[in-house]
Amino acid sequence: MDYHILIADDATMNRVLIKDILSQSLSNITFAEAENGKEVLEIVHRIQVDLIILDLIMPVLDGYKTLEALKSNPEYRDIPVIVNSSITEIKSIEDTLKKGAVDYFTKPLSKNDMNIILPLKAKNALKMYEQNHTINALNKHISEELKNANAFANIMLPKSNNLKNIDLYIKFHPSLGIGGDFFDCVEIGDKIHFMIADVTGHGIAAGMASSMVKILFRKCIENGSLLPHEILEDMNRSIFSYFDFAGKDSYVVFTAFVGTLENNVLSYANAGHPYPILYRCSENTYEEIEQNGFLVGVMENVTFETKTTQLKSKDFLLLYTDGLFCSGSDSDFTGWNKVFSISQTLQETFERSPAEYLEEIFYAFHMMHKSHHTTFTDDVAMMLIRLR
Amino acid sequence: MKKSIQGQTLILSITEGLTANKIASYNEELDKIAPTFSEFNELLLDLEQTNNIDSTGVTFVIGLFKKAKALGLNFCVIGANSDVQSLFKLMKLDQFFEMKNQ
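Going down the list, the protein sequences come from chains D and L.
With our numbering, the residue at position 150 of the first sequence is 155, and numbering never jumps.
With our numbering, the residue at position 42 of the second sequence is 402, and numbering never jumps.
Source of the hints: derived by calculation from the structure; they are not laboratory data.
Among the hints, erroneous ones may be present.
To be verified - Every beta carbon over 10 Å from chain D, so not counted as near; a handful from chain L, in silico:
(1) T375
(2) D391
(3) A394
(4) P395
(5) F397
(6) F400
(7) D406
(8) D414
(9) T416
(10) V418
(11) M451
(12) Q455
(13) F456
Claimed, not checked - Sample of chain D residues facing chain L (criterion: CB under 7 Å; computed from the structure):
(14) P124
(15) T205
(16) G298
(17) F299
All residues carry an ideal CB built from backbone N, CA and C; glycine is no exception.
Put together the whole structure using the sequences plus the hints.
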């Protein structure tokens, strides 16, 4: 790869000297020259420059202002700048390094500077710049991939506008554009099947796993006859029969809460998921659906249990994943009791708008994390199902 | 992760959080220790200094339990605080192994 070095100095002799030094020790180098800062800015605008050797005392636009202009422009701020100046005051050195120069040489250059130090520092700066280039290109590529994955994850979200027996509201906040939280809600005949799950870990691998969980869930409810605990057991069995790594590595391990709603009867089974909240409208009471259960995907032949409860019109069920209350290293990983209390304090918002209610719960936790100088580090999924 | 031995009992103490960002290094350490499991008849996982755990941490504990069980070792979690115990109970892990307060 060819590198292009820009030497900025108002003295021709100095430019020639630097050029000679670098030409002798570095290969694949081409040079551009500038007599003042204005020319520097014109050159970087016109051509790709990989390193700038910058004098400070120059006419028209001096080195300090040139450095400031370069570092304040997102297009040029990553170009490494080595200052070469006759100013020896420590304040000047400190200022330019603070402004973003990678190194500082004082003129006249010593023999060691010329033969060893400057060529090595120039080489290192070029190498660093190239590595930064590669990292930036990689980051851009990953961001694009995550954007596509996020679009795909959004396609997988349950559709809330085509359900005749319930109102469905969702809030999804994947931590890395794509995440391991998953929820689904399907109406088959007069029966509603729903599930919320949280695949261990987050990011791309968890996102891939959550896509599989969706397919497994949809396959399980195809004939509509399985009870929630049978769905969990079937999914667990499927993981062990489909994947060699099942039980050894935690790629497809998840907590889940699976339920059905039919004739106002809620049937449910829990696989280690934080307790959902049930609001009974006629009694104006909130309760946690306390049921414990093993994680899916870690042990073969585990069993789950289906329980039922009678609901009435306008009752609602709030399901969420632990990303809501877990954040960072000091998080409260058993914070489902906080969800329980916050969901009650925001009842007025619910009455105004259930969608806003979910946003407000999310915001309440956001503020709580903020007060602990943390933020959401895991995926957050919330689903609210209200009977009509 | 610290390792100590008391007779036929191997004690592994987690000295930090048991969270996703730490599990890779715990697994590396475990790979070195695991070949010696068969020399013991009991494995204790000491969580006294663990104040934070997430789902990846839970799967680490389950993995350890499964390794111990496969070799016929008794497995027990000791020193877990009430929050960690609540989480393990939510996931019904208390049905698979014992939890003791030291």
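Each hint tested on the structure:
1. T375: holds, 13 Å
2. D391: holds, 13 Å
3. A394: Consistent with the label, A394 of chain L stays out of reach of chain D, its closest Cβ about 13 Å off (over 10 Å).
4. P395: holds, 17 Å
5. F397: Holds, since 16 Å exceeds 10 Å.
6. F400: Holds, because the least Cβ-Cβ distance between F400 of chain L and chain D comes to about 22 Å, which exceeds 10 Å.
7. D406: holds, 19 Å
8. D414: Incorrect as stated: the minimum Cβ-Cβ distance to chain D is 6 Å, not above 10 Å.
9. T416: violated, 5 Å
10. V418: violated, 7 Å
11. M451: M451 of chain L is in fact no farther than 10 Å from some Cβ atom of chain D, at 4 Å.
12. Q455: violated, 8 Å
13. F456: Violated, because the least Cβ-Cβ distance between F456 of chain L and chain D comes to about 8 Å, which does not exceed 10 Å.
14. P124: Given a least distance of 40 Å, the restraint on P124 of chain D is violated.
15. T205: With a closest approach of 4 Å, the T205 of chain D hint holds.
16. G298: For G298 of chain D, the interface hint holds, since the closest Cβ of chain L sits about 6 Å away, which is under 7 Å.
17. F299: holds, 5 Å
Taken one by one, the earlier hints fail for this structure at numbers 8, 9, 10, 11, 12, 13, 14, listed in ascending order.
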